[in-house]
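Enquirer: Next come the chains, spelled out residue by residue.
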Amino acid sequence: MTARYLLLLALLFGSLPGFADIHILVPEQSKSLEAAAEQIKTEMRSRGIAEDDLSIRYGLQAPAEGFDKTDLLLALGPKAANFALQNGQQNKIVFSFVEEAFIREATEGRKVGSWAAIVINQPLQRMYALAELLLAERSNKTVLIPNSLNNALLNKQVEDLSQSEALQLIHRSIEPNARNISRLEDEFYQAAMILAPLDNELWRGKNARLLLHQAYSYQLPIVAHSRAFTKAGAMLAVYLSKEQVAKETADLVKTWQAADSFAQDAIVYPEANLEINDNIARALRYKPELIRQQLQQPEQKQKILGRQSRAR
Amino acid sequence: MKQHKQSLIFPLAVLAAMPTMAMDESMDLDLPVVISASRLNQSILHSPSAVTVIDKNMIAASAYTDIADVLRLVPGFQVVRADGRTHSVNSHGGGWEFSNRLQVLINGRTAYLPTLSVVDWDTLGVHINDIERIEVVRGPSASAYGSNSISAAINIITREPGLSEPYRYSVRVGNKGEREYQASWSGQGALMDYRVNLWKRRSNGLDNFHDFKDHDNFSFAGVSQLSDGSKLDIEFNFYNGKTGAAEFREFQPRDRKVNGFSAKIAWQKNYSANSDFGIKAYYSDRDEDDLTFTIPLYEIVGLSPEVFKLVTGSDDVFYRTGYSTHKGRRADLEGQYSWHGDGGFKAVVGLGVRQDFLKSISYFPQKGEVEETSFRSFANIQQPLSETVLLNLGLLYENTGDQGSHWSPRLSLNWEFKPQQSLRIAASQAYRQPSLLEANFDTKTELSNGFLLDQRYISDENLEAEKILNLNLAYQGKSGFWQWELSAYREALDNMIDYASDRSVIDPLRNFATRIGNYDSYDSQGIEGEISYRPQLNKFIRFHFNRGSSHHYSLLRINPSLPRIYKDRAPKWSAGIFVSYPINQWQAGYSIQYMDEVYWDGFGDRVKSYTRMDLSLAKTWDIGDKELEVKFGALSFNSSYQEFNEDLFIEPQYYLGFTLAKR
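Chains as they are written, first to last, in our numbering: chain R, 1 to 312; chain L, 313 to 975.
You may find that some hints are simply not true.
Said to hold, decoys possible - Reference excerpt, derived from the structure (chain L facing chain R, CB under 7 Å, subset only): (1) Gly474; (2) Leu475; (3) Gln848; (4) Leu849.
Since the hints were made in silico from the structure, they are not lab data.
Quick caveat, the model's predicted, so the values are computed rather than measured.
For each residue, glycine too, the CB sits at the ideal point set by N, CA and C.
Next comes chain L alone, as it looks inside the complex (with noise of 0.2 Å):
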């Protein structure tokens, strides 16, 4: 990939003012300045990790629809389905329907949700053509954004506003459900450069199961040039739908409501020629409810009305509680301080603060309702040791009030052997803190008189934060078109935070508690890489694979416990090859991936191996200043296939899109 993986350049100072005539003058314009992945502007060749770029051409020549879907195409990485509504996004295996070891950055705002740190992938607030390009940083990023950069950092960076089309309508229709209606404007102005996005995406899901999505969004953004020389970044965008949510114990099938929007403000301003410095704030709501009556206490006890009712004393029959009913926000403020010197030393520090808000009458009911506030700060630094070989050292050092301080650094050694191949040995230390619900969770079904009937999550008192090491080795390079990366790596996670059947916990059901505790670790290790030639952004041909050994200790219960060991929670194998390849106002897009068997965890189960390929096939044709392109999509055409849940199939999936856009 020729493509650099930092994500912006600010020319410090505006270069509206250059001269019209062509000659030395004084002029106080600076050098630029680029905001990475990992906050340093470097060359994949100097990164302290292995980073892969998905960039926009790529995702237009792929069939994919979800932003998710985008991440097949990670070497290591295994995104699954766990149902309609819910993309797993995992790095390396051990994963479940509910990742939650990713950071996820939509331009530098953070988008885990502060329930389980998973994310959503489907209200991201981004509009998959809105997309400049997502780098993936895999491995351990916690040295650069904390918290829940454990296993991979993803940054999804979009467009700038005012490079998309002026508009841009699209409708999209397939099988399955599948619609999609979006409309987009986009201008510059002498205050701003903006875009606007509409979009409604509605699909019914897999087969046989409730979990439909119903979505409407709204997105801005604007980026403004001041005066000063400075510039000012803002976002915000709005979502409103339903989901399907699928019978599950005592829930019924019903509809979710979900709803949020969130807002980022940043600005930039360069001091010197070589110095920049950022303040960014973000604030973000979610909520969720799906409060339903559950069927009849007395069924779920066993007992007739009239027992149930000697026995507890109350005429509590239903019991109204949500599966996910909770509402959540975050607010972040964060500032940067970046420079760099003469020979190639670069440097980065930073302070930001956090606050989580979790309320919920299903999660915790005795509490209601639960915040945290984490400060951290950072420093990373690039330092040339010599001609060829470059350090990394980066160290982030966070505190939040119920987990105490944690410092995760990482360092690597870059050795550029001969002129654009380099060879890098990285280590990495990281912690994820609890989420709030994990350190929180406390559900129980209490009837209105009092009576304790049934206690189910219990999060364990001395909780801690799930720590990680992962060594790295890598050769990477570029000739040409080519360009290729091999990396071995070793990781180890501790204090894994997991859910085992806690047997002391009595309550009338006797159906025993499960707790949330630091009961698991789990080892991976592999090879992995990618290779790719790439003649033209939009004609190329990609190979990405892993070959990986997992080793999870489980323990499924305790008092007494129960251990289980898992060697199958990784793909032996998986590997995917990619092309593209446009001709004249065609462009055609294959992909075939393989996933050998993996043994999911939570709902999951153990899936076989897999192949699907997935097409893409589209046209473009210019009517005066527009393009209207119609596009055909075949996803995982060649057969259904389990991905997460033996009871769930990946059918294939048609569709045809439409759209037209303004040059």
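This is chain R alone, in the form it adopts within the complex (with noise of 0.2 Å):
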């Protein structure tokens, strides 16, 4: 009889996530990732995650025995996401540095709860609460949102958007080409304003050049998703840096490891930064000393500059 109580406590906390390892996953020759390891690792620690849990993997390659079911594969990149989703169909996986539509697909089929991600997204809804705010004392409240045909997360986001009536969008959904971009010219003549939300065909080299020229020539603002686009000519941008990126993970290894679940919502977008060209911004009739200023009051920050999340 004790021996089976025994046995069966040792099964009980065997299976929780404190006698577990983490393994944070990171492709090899990815410096940037693996400084990224890093600051998360050190982010855990000052979590109280204890060190002995963490296993940091340079390259992707499982254990000889394979991973055990009860550990957190934490995985770094798409490359990584891509090799944990295949070496740990019984783990429960955190997916970071990741975009959210190479995710969602990534994931299908996955059982709901077995896995949550920070991506390095910035959700529509922020970029569109910053031209609601951006605009509020305008007359032309029109916001142009051209993305690449293929980008069905984008597609749908707008579709969302499309039934708030605070301002007006013209959503333009286009083969990512020079001359396509440069038949949009009559949608930037009546835009009072531009999202630049994450697309890799369209906001990409000559594409992104194309669209910050065009932009500039109907003096049009930018409201970026990176940091580069306003040094590139973009009136602002709501940017995340890897910090935040970090402590978010972080985060979220600690609510599995004291749970051993993650919340209901699975796709996180951390807290995000505002960084803005004053020149530009000044160029075209903003004041940058204004707009910093509203984004501090709470509600504000909140709603464009807060951590969001939504399920899968």
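Taking the hints as your guide, dock the two standalone chains into a single complex.
Expert: The structure is reproduced here in structure tokens:
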């Protein structure tokens, strides 16, 4: 009898997270993700997660005996995410530094509650709320959202937004090439602002350069998803820092460790930062000081820059 | 007009290096830099001059097929066909068939010719369909662009080569012998984005006048983003053709060969987040040949052949010469550095050198050829004085060997008293150097034995640069889809170069010579403006007008002098309405223009007021990834009228155009 109790206790406690390992998976030769892994490790330590529970695997190779099904896999970047999905079918997984569209597709069919993701996207709702604030005093409240034809995620998000009446939306889903961008000139003409969410086909390279060119020609402010854009001519960016993603990831791991599950919302958008290109803002008749001041107000700050999450 | 008046934006670093992660990455990306018609990136509300922008949607909506005709939409401009092959574009009157006070730039390349500083609008090397927009800076812009930017600067900006359709084939057929065949291809390559355009254009010209034109054109434009983040622009074009040259004095009707080419290379690099440096070089070459034999010289003189030989001692019966026979070329090199600071300060400084060359056995048979080298340096700044008041300062120094040095300043204060509405007060002074031909004219008929039969044109030895002083007060604004500009101006042109009969020149023909000198002055003043409502780029209504007066003091003759004052060299009223309306795949455009009576100089006459209407109707069909457009155009369809000369009528013209383009 005693022996049976001991066995049961061992099984019970053995399955608890406190006794499980956390494998941080990092693809080889990815210096930025290696640095991120170290940062996450530091954040986890500061949250009381024992050093012994952590292992960082540089290179995507499973242990010879495979992952223990009680272990948590923390996958950084898309390569590690694919690896974790293939090799940790019984494991709970935290994805970090991944794009939302990728992770939604990759986890298709996977059991709800067995994973969570810290995504690097800015939710369109966040950019929309910012546009709403910026255009509050303007007579023209038309916002242009161009995205690439295949970006189903953005198409869906815009569809959800279009039920809102605060702003007038012009949504153009295009085959991303220079000629199609140049054909958007009437939309540029009618718009008061452009939202540039993450879209690797449209808002990159030559296409991004042309969009910035067009926007400036029509004196339109761009609200972008990355600080790189404000340096290239966008008026404003809501962006994530590595520190914020690391903190958010550590928080999620801590949640798992405490409850062996994730909150219901599997997609997490960490708290964002704001950067304004003051010169561009002034040239476009916006007051950067006022924008910063408005975003200090708790309600606006939470609405626009605060952490958000969404169910799969 | 919502469109910014700037022409090009160069995000300083290529975003190709943009990270896949939408994160805070340390990237060496820089701010965009804009190079505008006045060399500074400014909104129209901050501009030191009145600016009219005509973009490609307006051009497409119009029925116009000539670039010069598009300028009929500019307030205070008079565009006339002096004949079937000569457009004369003038601002605030005082013009003749050889309008020579405009600075016309094709992507920054000067287009006026070294002969009389005129522009041949048929051989600009740009097809009207390749134009992105035309920015017209009304009033002097010499502080930015130097000589010839005296009454206006017209900057023709073409589309980025990679943005043109992959191919476009078009045919246009109309009355008056109007024919155009055009084919263009463009692409985006690893090495560069490019556009190649070939077109052939011919037209019979005006009725009962030998003024046809028939030109073949080739143009190439390429843009390359270099690995160090700099940008390289390459353009060249060739044209070859002929035009009719009508009977004039001793010249019989004949054909004139016209051919030439130009090449431009420009490099620009952004050195920091707020500064860039660019260097630009171009070369243009033009050859006109209408050499012909005159009617028999004894007929001109009114003698029998025998007496003619006795008097002159020469057997020459005919004399071979040309009215417009010359070879001209220009080379120009310019560098400029621009930067902007925090708080709205912007500046541009630059240096340039230009060499003009002209060779002609007709204009100056003794010299044969002349050349001139000029140097220029310029600085333009924009400095906010307060949150709503902006100061613009510009200064150009120009030095030409024979003409000495000139300073052309410009000063303006812009007060943005309400958002999107501003008042501007501006003053500028500008000089126009005499053209190579004006400074060196020495046309004579000299027989083979050296006998001087006739002396016709002689340049004054003391010829100086023309000088203009311009004052401008303007109110401009924008609200929703409305945009307006109202401007009052006063211009005083001194040392105006004109042609006067000189009775002190005695030759056997005793028909007096014409001397070219600073004999005239021309003042104009008035108000002008434009207002438009434009909910879409191809759906708009636009009104422009000018109410002006002019005072032209002209010396018709010297030795003894005979002055005359004209008060009708500019129309008292001119106005136009232009409407464009799209319905499904149809696009309709209609314009009506009114021009009051004008007394044109040169070969022009006093022509009565007229109203002309132009209409276009186009339909586009989508055929897979291609577009087929059929366009009907009717120019001046309401009546025939005299525009420049009382013997030459502008008759209604109709055409049908077909364009097949790949999207």
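Enquirer: Now, for every hint given, state plainly whether the structure supports it.
Expert: Hints, one by one, checked against the model:
1. Look at L/Gly474: its Cβ gets to within about 5 Å of chain R, closer than 7 Å, so that hint holds up.
2. Interface hint at L/Leu475: satisfied, since its Cβ lies 4 Å from the closest Cβ of chain R, which is below the 7 Å cut-off.
3. Because the smallest distance between the Cβ of L/Gln848 and any Cβ of chain R comes to about 5 Å, under 7 Å, the interface hint for this residue holds.
4. With its C-beta approaching chain R no nearer than about 5 Å, L/Leu849 sits inside the 7 Å limit, and its interface hint holds.
The earlier numbered hints are all upheld by this structure, with none contradicted.
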